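Visitor: The residues making up each chain are set out below.
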Amino acid sequence: MSIEDRVRRVLADAVADEPPLRGAPLEGITHRQRRSRSVLAGAIAMALILGAVVAFAAVRSPGRGPVAPTPTPSTVAPPPTPSTARPARPPSTVPTTGWKTFTHAASNLRFRYPPDWVIHPLPEGDAVDLVPPQDAGRPVDKARFRVSVQVSPSFWVGEDWAGVTTRGRLPGGQAYLLDLRGPIARPGPRPPAGQVAGYGSYSIDWGRYCTSRRGQRACGPHRVIIGLFASTASAWNRYRAVADTIAQTATQLRPTGPSVGDQSRRPCRADQWRLVWPQEYAFGNGQQRFVLQGGVQYRQGPPCHLRLTLRLAVQDTAGRALPVAGNPATTTVEGDLPEDGMQRREGSWVIDGAFMWRFAWEEWCNQGLPTATTLRVTGDGGATLTVPGPRPARPGSLPPGISTCQHRGRPSTVAGWPP
Amino acid sequence: MAGHDREFLDFFADEFWSLRRLGFLLTGDWGEAEELAQEAMARTFAAWSRVRHRQPAAYTRKVLLNRHRSLLRRAVVETRHALASRPQAEVRHEPDFSGDDLVLWQALRRLPARQRAAIVLRYYLDLPEAEVARQLGVPVGTVKSLVHRGLARLRQRLGAEYAGERLTSNREAEA
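Chains A and B are the protein sequences, given in the same order. Taking the numbering used here, I'd label the letters of the first sequence as residues 1 to 419. Taking the numbering used here, I'd label the letters of the second sequence as residues 420 to 594.
These are computed hints drawn from the structure, not numbers from a lab. Incorrect hints may have been included.
[Stated by the list, open to error] Sample of chain A residues facing chain B (criterion: CB under 10 Å; computed from the structure):
no.: 1; residue: Ile3
no.: 2; residue: Glu4
no.: 3; residue: Asp5
no.: 4; residue: Val7
no.: 5; residue: Arg8
no.: 6; residue: Arg9
no.: 7; residue: Val10
no.: 8; residue: Leu11
no.: 9; residue: Ala12
no.: 10; residue: Asp13
no.: 11; residue: Ala14
no.: 12; residue: Glu18
no.: 13; residue: Asp141
no.: 14; residue: Ala218
no.: 15; residue: Val350
Please read all numbers here as calculations on a predicted model, not as lab measurements. Note that CB positions come from ideal geometry on N, CA and C, so glycine has one too.
Same shape as in the complex, but just chain B (with noise of 0.2 Å):
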């Protein structure tokens, strides 16, 4: 095996995992998760000696993220051929939550798609978000605002018990 080989599969132990999880958090099934995953892999194996000094993590997850979101165009077009393709009783693992972790969760799964983007890199990934601007090619200020506008729903979502912040956070985005 070559060395260069060797050094991907090193990166893909390594990576595969957490790319999955993402794509579970952008998508909310496993299945499809695990397809987005594959998929960038194969995409960043492709471009290996290209990419591999150059920061090839976050290379595949920009891989990922624009192949969910061509995913989600395409989508729009076919959802009544999806929807007939789609197998039958396929098995899916949901998160275990209860209370308002689950209306939480679900309300994170009703989010835009550009909205839960950014909120899952912002707040599953930890990434600033130049670098959330980055990983889906908009400007910082799309990123504050797609930000702002997914915690909006979640409080939204989440009644009473967020009102007093809403009210706070509202304000520090006025000013």
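This is chain A alone, in the form it adopts within the complex (with noise of 0.2 Å):
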């Protein structure tokens, strides 16, 4: 391979693994009103742009190569309803007697979809799209509705957060989160008919097994990811228990490892690991919903297994407990050491793994609470973190029509993540 080619290759390698967006548009919007009125106008509707393409890019990531959108005529999102106010509801779905099976031996993988349905191979070779037989004749990217269908090597939790989130169980075993965000209308005047989108993903615990990529061995925790989009809300109502039926038909051709790790190892020692906090906060519905996520770090001595249950507690700074619905929250993550220990790369934490521990503060912004807060993280053996609360946005920082966290008069809770 000539090096003009390499480069290539390596240049879309580098991509192909996209992070979802940062989330937090309205910083660089204030940022810029400052520096520009000029660029306000256009800051502004970055931000509401912004604010449905995030929606979008939380549903796709991670682990997945360069898709274009589909483009949504819908702008933002209003202020779902909380996860913990939604019931659990099994998806319903549709009989599947005469579908085609697909699979996917490299990633352990099969599942059945409808046979007039189309499906779409994407180049990275571990994902696919199925698309209607209506919208067979169109670029998969502006189907008016899609099912994507990934395997991902990142850790079934994962962060999909920004809508309402149910657990669930798939026929075979498997949990699953899911995470709605549709139908979603803009906000204002009602639209006109059809134009409201629907975004939805499945993550399903893979469990533990190697697959060999690009020559590469790679054995761990894998994820598949089923992501349901729909541009209108009539291909939303009319192909939605067949996108749940297709998840549903998920199974796995071989069995695999908990994705919890070896529970046959020895338990870890209180001094092999430490809790720690990337110092960096992560907010979901519409801002509302306040996300501390933090991991465990290995430290030294011989593989062991893990099984740790924190406590987070919200505080004034004066250290007495706010009131706050399920204070303190309790979680609970499982793993191997080191494998599964939070890693540094470039002196920056990455944000995955079965440690990940993740805590929710649901309206954490009402009025009642003071601004400046404490986040009190304990583990098992005297582990302690001590984090810095969310501060809200000074009144008049950001641009008229653009908010954050706003009082709602619903209750404020916290709880562990997942719900």
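Could you fit the two chains together into a complex? Lean on the hints.
Guide: Here it is, written out as structure tokens:
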């Protein structure tokens, strides 16, 4: 292979695993507002558009190659109902008699799909898109409805917290998280009929097994991500049940080890690990959900297995517990050390893995809560981490029409994530 | 929504992601790439009525390249301040390379900015040299030189595997 071809391939591969948008376009907008009023109009439009794109990106990511998003007429979603307020409901399904079977041995994946749907293998080789017969003649990224199926080497819990999230299990027993953001209507006047979009994603625990990609062998946790994308409400309503059924037919070709690692290993000692926080905040649910996430860093000693229960206390700066439902909250993470320990690359923490712990604080900016808060995470063996809480934006610091967290009269709650 | 705005929304949906990827290949940082792409889009939106019928994608790309170049210039002056004000322990997503691909990727990132930009435009976007020259605002001969010198550095980093090809390419360049 010539050096030119090799450069082409490396450049293409470098952007193949595109991360999701950071989801904080508003800060960029306010910076621009200070620099130049002339750019403000464009920037506000960007913020509105990015809101829609962020929602889209979160469904597509991670581990997905470059695929153009489906253009959507929607601008920004109104604040959806918090996940904790939406009861879990098993997805509705349709009969699968006569359906075709898609098998991908390298990904240990098989699923079924309607015989008249068109399947598009993507260049990455570990992802496919399916479109209904009505969209067969369109470019796949212009389809009115699309189901994407891909395998990712990341841990299955991931960061899908933008919408309404529920847990479930496939008929084969694999656990999944279903994050739904659709149908979504733009705010303001009632939109024309059909001018709403739907997004959703299944993140399925595919266990631990080994894969070989481009000659590189990788053994570790995997997940299957099944994304649902609709550009109109009618497409969403018409195909949603079919898409859910496709997801429900996903099965493994070979049994895999548990995604939480080797439970037969000796338990880790307290001096073998420490809690870490990557000094990064995350938000979801239209900024009404604050997510604190961190990891466990391997320090020393022989290979071991760790099941760790963590507790988050939301406090004021004097250490008093705040009146937040569920406070303190608990969550559990489990994995192997050193393999699953949180890694640093080029001085930055990599957000992924079985030991990523997460807490979600809904309606974190309610009236009556102090603006300065302290988040205290404690784990088994006395491990402790203290983190400053999120700060509401100053009044007037954002352009008119753009808001971050607002008091909505809904209860403030905190819980381990996923719900 | 006005027709022009809807037109721009479609343009945004089609181009934002590729613009962000271009930004990443230039900067090696997805956060900076997103900022660059967002700013280029904002400026394109401000000039939309003027550029919408005149290859808006090329215009936006050029805005991004210019913005990247001016940021680099400013970075030379403000390096100390930038290092001090950069968020600590920012999470970065890195390509999952190993072996020679990792060597090549790291070598690409270490190229001087103009050589890297020329190589990215030439081999990632597959633009002809004349278009690369227009985008970078330099003569075609300069593009040839930038690409040639950039590839030479990459060959050097990859070592013996490309020794024969280096000789061939040098002869071609001299001819």
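Visitor: So which of the earlier hints does this model not fit?
Guide: none
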